[in-house]
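Residue-level listing of the chains:
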Amino acid sequence: AQKVTQAQTEISVVEKEDVTLDCVYETRDTTYYLFWYKQPPSGELVFLIRRNSFDEQNEISGRYSWNFQKSTSSFNFTITASQVVDSAVYFCALGGGATNKLIFGTGTLLAVQP
Amino acid sequence: DVKVTQSSRYLVKRTGEKVFLECVQDMDHENMFWYRQDPGLGLRLIYFSYDVKMKEKGDIPEGYSVSREKKERFSLILESASTNQTSMYLCASSLPSGLREQFFGPGTRLTVL
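Chains as they are written, first to last, in the numbering used here: chain A, 1 to 114; chain B, 1001 to 1113.
In isolation and in its complexed conformation, chain A is listed as follows (with noise of 0.2 Å):
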């Protein structure tokens, strides 16, 4: 079965710190996508990032940057400088197999203070 974990249920940092989002997944494919999600308080879901699991290189986009370990079935994501725009919740989530499906974590809200 398939299943995503993000243990941390709440984080709150001040203005200008790091903050990494921790996701660990189960899955019996060899080959899957990962995602991850922001949803601001206006409420809709935006997308962030997909990975596919053959590909290990970590991503670096602006502030953001994620970290892919097979090895410990992590995908991990990191806001470098964090502002207040960035408080949010933040899911992960995991697809694979035959269908489209996606499995998603139970979020993680960040809390970004001035």
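Calculated from the structure, these hints are not laboratory results. Some hints here could point you the wrong way.
[Stated by the list, open to error] In silico SDA-like cross-links for lysine to any residue, where the CA-CA straight-line distance does not exceed 25 Å:
hint, chain 1, residue 1, chain 2, residue 2
1, A, Lys38, B, Val1024
2, A, Lys38, B, Lys1013
3, A, Lys3, B, Asp1059
4, A, Lys3, B, Ser1049
5, A, Lys101, B, Met1088
6, A, Lys3, B, Lys1013
7, A, Lys101, B, Gln1006
8, A, Lys38, B, Leu1011
9, A, Lys101, B, Gly1058
10, B, Lys1003, A, Arg28
11, B, Lys1013, A, Glu44
12, B, Lys1057, A, Phe47
13, B, Lys1003, A, Lys3
14, B, Lys1055, A, Glu44
15, A, Lys3, B, Leu1011
16, A, Lys101, B, Lys1013
17, B, Lys1057, A, Thr106
18, B, Lys1057, A, Arg28
Quick caveat: nothing in here was measured; it's all calculated off a predicted structure.
Since the structure of chain A is provided, determine the placement of chain B on it from the hints.
Chain B in isolation, oriented as in the chain A frame:
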């Protein structure tokens, strides 16, 4: 700009009412999804559709049904609303192959009294 819209942001219904939640996407996507989001539980898939008139049950289909008569529109139906269906409902769409990213609507917060 790609867009998924949902008919209502907030909805209040009474127990036993039949409730329709509508979702429309303008991206010509084959796949459409309905999720519910509850605190501490994340997003859980209710139903999805990979083509017109095609549907598959997700992880929590009980108490719900869906309709997809046109490619751009996917409706979620609560046949007889109950208080435990009070939740945030999110619709999403995606391209059909390779597990593409899903694009989400703004959500409908449904309260059943």
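How the hints compare with the structure:
1. Distance restraint check for Lys38 of chain A and Val1024 of chain B: the Cα-Cα separation of roughly 21 Å lies within the 25 Å cut-off, and the hinted pair is therefore satisfied.
2. At roughly 29 Å between alpha-carbon atoms, Lys38 of chain A and Lys1013 of chain B are farther apart than 25 Å, so this suggested pair is violated.
3. Between the alpha carbons of Lys3 of chain A and Asp1059 of chain B the distance comes to roughly 13 Å, so the proposed pair stays at or under 25 Å and holds.
4. The hinted pair formed by Lys3 of chain A and Ser1049 of chain B meets the criterion: a straight-line CA distance of about 22 Å does not exceed 25 Å.
5. For the hint linking Lys101 of chain A to Met1088 of chain B, the alpha-carbon distance of about 19 Å falls within 25 Å, and the restraint holds.
6. Between Lys3 of chain A and Lys1013 of chain B, the direct Cα distance comes to roughly 33 Å. Violation of the 25 Å bound is thereby established for this hinted pair.
7. Taking the CA atoms of Lys101 of chain A and Gln1006 of chain B, the gap is about 20 Å. The hint holds against a cut of 25 Å.
8. Taking the CA atoms of Lys38 of chain A and Leu1011 of chain B, the gap is about 24 Å. The hint holds against a cut of 25 Å.
9. Distance restraint check for Lys101 of chain A and Gly1058 of chain B: the Cα-Cα separation of roughly 8 Å lies within the 25 Å cut-off, and the hinted pair is therefore satisfied.
10. As the CA atoms of Lys1003 of chain B and Arg28 of chain A are separated by approximately 34 Å, the hinted pair breaks the 25 Å bound.
11. With a C-alpha separation of about 22 Å, the suggested pairing of Lys1013 of chain B with Glu44 of chain A holds against the 25 Å cut-off.
12. Annotation: proposed proximity of Lys1057 of chain B to Phe47 of chain A holds, straight-line Cα distance about 24 Å (limit 25 Å).
13. The hinted pair formed by Lys1003 of chain B and Lys3 of chain A fails the criterion: a straight-line CA distance of about 29 Å is larger than 25 Å.
14. Of the supplied pair hints, the one linking Lys1055 of chain B and Glu44 of chain A holds, its CA atoms being roughly 24 Å apart against a limit of 25 Å.
15. Annotation: proposed proximity of Lys3 of chain A to Leu1011 of chain B is violated, straight-line Cα distance about 31 Å (limit 25 Å).
16. Restraint check for Lys101 of chain A and Lys1013 of chain B: not satisfied, since their Cα atoms lie roughly 29 Å apart, outside the 25 Å limit.
17. With a CA separation close to 21 Å, the supplied pair Lys1057 of chain B and Thr106 of chain A stays within the 25 Å bound.
18. Restraint check for Lys1057 of chain B and Arg28 of chain A: the C-alpha separation of about 22 Å stays at or below 25 Å, so the hint holds.
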